[in-house]
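**Student:** Sequence:
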Amino acid sequence: MKVAVISDIHGFSIALDRVLADIESAGVDRIVAAGDLCEGGPDPAGVLRRLHEAGIEAVQGNTDRDLAAEARSSKPAKWVIAQLGQEGLAELAGLPFEIRITPPGGSGPGDDLLIVHANPVDQDRALDPSASVREVASILGDVQAAVIAFGHIHISYIREVNGITLVDVSAVGNPKDGKLVSRWGLLTWDEAERRWLAEIRYVDYALAETEAQVRESGMPNPDKVLAKLKRASY
Numbered sequence: 002m003k004v005a006v007i008s009d010i011h012g013f014s015i016a017l018d019r020v021l022a023d024i025e026s027a028g029v030d031r032i033v034a035a036g037d038l039c040e041g042g043p044d045p046a047g048v049l050r051r052l053h054e055a056g057i058e059a060v061q062g063n064t065d066r067d068l069a070a071e072a073r074s075s076k077p078a079k080w081v082i083a084q085l086g087q088e089g090l091a092e093l094a095g096l097p098f099e100i101r102i103t104p105p106g107g108s109g110p111g112d113d114l115l116i117v118h119a120n121p122v123d124q125d126r127a128l129d130p131s132a133s134v135r136e137v138a139s140i141l142g143d144v145q146a147a148v149i150a151f152g153h154i155h156i157s158y159i160r161e162v163n164g165i166t167l168v169d170v171s172a173v174g175n176p177k178d179g180k181l182v183s184r185w186g187l188l189t190w191d192e193a194e195r196r197w198l199a200e201i202r203y204v205d206y207a208l209a210e211t212e213a214q215v216r217e218s219g220m221p222n223p224d225k226v227l228a229k230l231k232r233a234s235y
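Going by this note's numbering, the first residue of the sequence shown is number 2, and it counts up by one from there.
Careful, some of the hints might be misleading.
Quick list of the computed label-pair ranges, beta carbon to beta carbon [said to hold, decoys possible]: (1) Y158 - A228: 39 to 45 Å; (2) A94 - G179: 32 to 38 Å; (3) A27 - H53: 43 to 49 Å; (4) G109 - A228: 44 to 50 Å.
In silico lysine-lysine, DSBU-like type, Cα no more than 35 Å apart, as pairs [as the list claims (entries may be wrong)]: (5) K79 - K225; (6) K76 - K3; (7) K231 - K79; (8) K231 - K3; (9) K76 - K177; (10) K3 - K180; (11) K229 - K177; (12) K225 - K76; (13) K177 - K3; (14) K231 - K180; (15) K180 - K79; (16) K180 - K229; (17) K76 - K180; (18) K79 - K177; (19) K177 - K225; (20) K229 - K76; (21) K76 - K231; (22) K3 - K229; (23) K231 - K177; (24) K79 - K229.
If you are wondering where the hints come from, they were derived from the structure by calculation, not from laboratory data.
Even glycine gets a Cβ: it sits at the ideal position worked out from N, Cα and C.
Generate coordinates for the entire structure from the input sequences, incorporating the hints supplied.
**Tutor:** Right, dumping it as structure tokens:
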């Protein structure tokens, strides 16, 4: 069983198209998006449309939650809300907090792949790669899973804490790993070994096409959006 986990598309539909093409070449059984789908990029409605067309499930990220509640009042947020309309906002509001996948032959929640946005408890606290085992364990609590896959901080890493493999798949739309390359996670269940194998995949970014899309979209502050995108770091 192969599962692709993508996250933090943030309205960058061209990057999403490239990642989905790479996922198709990997021959996966299921694709799940780990939230933060629309806010930030030039094509929020197009991202939702592509997810529908590809039959991709998604969990709710913190920006999805805030957009659905219309809790953001900035010009960029208002622009995204207008692009999505009430139907799109309702879709974001209805996304689940988590998606749990039990592998073939799995014997309980300890074998599962758990997909969330930031962590298994809330949509905001980061599972930072530099956090201590104690700090991470305090957030994870008593959650049961073999693997937790997530995004939120746009920095990819694979780490084991207290017997659980943490896989931050970084971001499709605006990675912060220091290089403008889209990333996604490939989780493969090895039934013979009864374990998940985790891999981070990399996809070249279509910067020129994305820059043109940003400038043609009518979104506020296109120069600021592009400068932030190109920086690819915090």
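**Student:** Given the hint that K180 pairs with K79, test it: the Cα-Cα distance must not exceed 35 Å.
**Tutor:** holds (29 Å)
**Student:** Hey, K76 versus K231, does the alpha-carbon distance stay inside 35 Å?
**Tutor:** holds (21 Å)
**Student:** Holds or violated: K229 and K177, Cα atoms, limit 35 Å.
**Tutor:** Holds, at roughly 10 Å.
**Student:** Given a hinted range of 43 to 49 Å, is it respected by the beta-carbon distance of A27 and H53?
**Tutor:** This hint is violated: roughly 21 Å between Cβ atoms.
**Student:** Regarding the pair K231 and K3, is the alpha-carbon distance no greater than 35 Å?
**Tutor:** holds (31 Å)
**Student:** So if I understand the rule, the pair passes when the alpha-carbon distance is 35 Å or less; does K231 with K180 pass?
**Tutor:** holds (8 Å)
**Student:** Straight-line Cα separation of K180 and K229 no greater than 35 Å?
**Tutor:** Since the Cα atoms of K180 and K229 sit roughly 12 Å apart, the hinted pair holds (cutoff 35 Å).
**Student:** Does K229 sit within 35 Å of K3, going by the straight-line distance between their CA atoms?
**Tutor:** holds (33 Å)
**Student:** Do the alpha carbons of K76 and K177 lie within 35 Å of each other, as the hint requires?
**Tutor:** At roughly 23 Å apart (the allowed maximum being 35 Å), K177 and K76 satisfy the hint.
**Student:** CA of K76 to CA of K3, is that 35 Å or under?
**Tutor:** Roughly 40 Å between the alpha carbons, so the hint for K76 and K3 is violated.
**Student:** Does the alpha-carbon distance linking K231 and K79 stay inside the 35 Å limit?
**Tutor:** This hinted pair holds, its Cα atoms lying about 24 Å apart.
**Student:** Would the hint linking K229 and K76 be met if the CA-CA limit is 35 Å?
**Tutor:** Distance of about 17 Å is within 35 Å: holds.
Checked against the numbered hints given earlier, the structure breaks hints 1, 3, 6 and satisfies all the rest.
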